[in-house]
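Colleague: Each chain, written out:
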Amino acid sequence: MKYSIMVNEGPYTHQASDTALHFCKAALDAGYEIFRVFFYHDGVNNGTRYTVPPQDDRNIQKEWSKLAEAHEIDLVICIAAAQRRGIMDADEAKRQGLDGDNIAPGFRISGLGQLIEGGIIADRQLVFGD
Amino acid sequence: MSILHTVNKSPFERDSLSSCIRLASKGHSILLIEDGALGAMAGTDHSDMVAGVMKDVSVYVLGPDLAARGMSEDRIIDGIQVVDYSGFVELTAKHDTCQSWL
Chain E
1 MKYSIMVNEG
11 PYTHQASDTA
21 LHFCKAALDA
31 GYEIFRVFFY
41 HDGVNNGTRY
51 TVPPQDDRNI
61 QKEWSKLAEA
71 HEIDLVICIA
81 AAQRRGIMDA
91 DEAKRQGLDG
101 DNIAPGFRIS
111 GLGQLIEGGI
121 IADRQLVFGD
Chain C
1 MSILHTVNKS
11 PFERDSLSSC
21 IRLASKGHSI
31 LLIEDGALGA
41 MAGTDHSDMV
51 AGVMKDVSVY
61 VLGPDLAARG
71 MSEDRIIDGI
81 QVVDYSGFVE
91 LTAKHDTCQS
101 WL
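Respectively, the protein sequence lines represent chains E and C. Those letters in the first sequence? Residues 1 to 130, per this note's numbering, in order. Those letters in the second sequence? Residues 1 to 102, per this note's numbering, in order.
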């Protein structure tokens, strides 16, 4: 079974990022594949490496990066949603004339086509949000 | 085609659970997650609505979300099945498609 996941809510907002992470881990434990996680709307805030939660709290951004590295998951951030919220990779920061980038390891910036492709390629697409 | 519906908001806050119940067909399943877990409680204004759909539709609740809200499994509506995250995954695999009621 191959999954495509969509996350529409930022970390520490309500529960969607946590639920999506728990779901992905359980699916991987069951031997299934997470093909792609697409971050849209405030969900793009899962992908900034400047996230610094208190030491005794979970670091949701790092959890995504760790999971992506261990299981070769494609973490895609929507470009239009990212630009509105100041999530930049090096190329975008340069293009916008900004002084730095903040995208987290394992994440990449792309467009809605990646969401559609995920839905076509995967057996199941699940949406987590508010 | 069998559909797994997930509902993540409390029925006391939004009407996504009642909309889902209205549109779910025989053979579908409903999984209550996050604040949606409150919809599994017995003895509330919404319990009859949930119990009413259960002759045609299987209703599940995510155990960790019940526990996170301090709700005991013996206070949920009779017939609702408690699953963990691996149970959630298996429900998505068992049904043809998934509908997230956000």
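Hints are computed from structural coordinates only; laboratory data are not their basis. Hints are supplied without guarantee of correctness; some may be wrong.
In silico DSSO-like links for lysine-lysine, alpha-carbon gap of 27 Å or less [claimed, not checked]:
#, chain 1, residue 1, chain 2, residue 2
1, E, K2, C, K94
2, E, K94, E, K62
3, C, K94, C, K55
4, E, K2, E, K62
5, E, K25, E, K62
6, E, K25, C, K55
Here are a few chain C residues that sit away from chain E, every Cβ distance over 10 Å (derived from the structure) [unchecked claim]:
#, residue
7, N8
8, F12
9, G27
10, I33
11, D35
12, S47
13, G52
14, Y60
15, P64
16, S72
17, E73
18, D74
19, R75
20, D78
21, L102
On a predicted model such as this, the values are computed, not experimentally measured, just so you know. Built from N, CA and C at the ideal position, the CB exists for glycine as well.
Colleague: Each of the hints needs a verdict: does it hold here or not?
Modeller: The hints, checked one at a time:
Restraint check for K2(E) and K94(C): the C-alpha separation of about 13 Å stays at or below 27 Å, so the hint holds. Between K94(E) and K62(E), the direct Cα distance comes to roughly 25 Å. Compliance with the 27 Å bound is thereby established for this hinted pair. The hinted pair formed by K94(C) and K55(C) meets the criterion: a straight-line CA distance of about 19 Å does not exceed 27 Å. Among the hinted pairs, K2(E) with K62(E) is consistent with the structure: their alpha-carbon atoms are about 23 Å apart, no more than 27 Å.
Of the supplied pair hints, the one linking K25(E) and K62(E) holds, its CA atoms being roughly 14 Å apart against a limit of 27 Å. Between K25(E) and K55(C) the CA atoms are separated by roughly 32 Å; this puts the pair beyond 27 Å, and the hint is violated. Taking the minimum C-beta to C-beta distance to chain E, about 8 Å, the non-interface status of N8(C) is violated against the 10 Å cut. In this structure F12(C) is separated from chain E by more than 10 Å, as the shortest Cβ-Cβ distance comes to about 15 Å.
Its beta-carbon lying about 17 Å from the closest one in chain E, G27(C) satisfies the requirement of being farther than 10 Å from that chain. Not every C-beta of chain E lies more than 10 Å from that of I33(C), the closest at about 6 Å, which undercuts listing it as non-interface. For D35(C), the requirement that its beta carbon stay farther than 10 Å from each beta carbon of chain E is not met, with the minimum near 8 Å. Taking the minimum C-beta to C-beta distance to chain E, about 23 Å, the non-interface status of S47(C) holds against the 10 Å cut.
With a cut of 10 Å on Cβ distances, G52(C) stays outside the contact zone with chain E, its closest approach being about 27 Å. At roughly 14 Å, the least C-beta separation between Y60(C) and chain E is larger than 10 Å, which holds for a residue marked as non-interface. Distance check on P64(C): its Cβ comes as close as 8 Å (rounded) to a Cβ of chain E, failing to clear the 10 Å threshold; non-interface status is violated. No Cβ of chain E comes within 10 Å of the Cβ of S72(C); the nearest lies about 20 Å off, and the non-interface call holds.
No beta-carbon of chain E comes within 10 Å of the beta-carbon of E73(C); the shortest separation is about 19 Å. The claim that D74(C) lies off the interface holds: its Cβ sits roughly 24 Å from the closest Cβ of chain E, which is beyond the 10 Å cut-off. Every CB of chain E lies more than 10 Å from the CB of R75(C), the least distance being 21 Å, so the non-interface label holds. The Cβ of D78(C) sits about 26 Å from the closest Cβ of chain E, beyond the 10 Å cut-off, so the non-interface label holds.
Under the 10 Å C-beta cut-off, the non-interface status given to L102(C) relative to chain E is violated; the minimum distance is some 5 Å.
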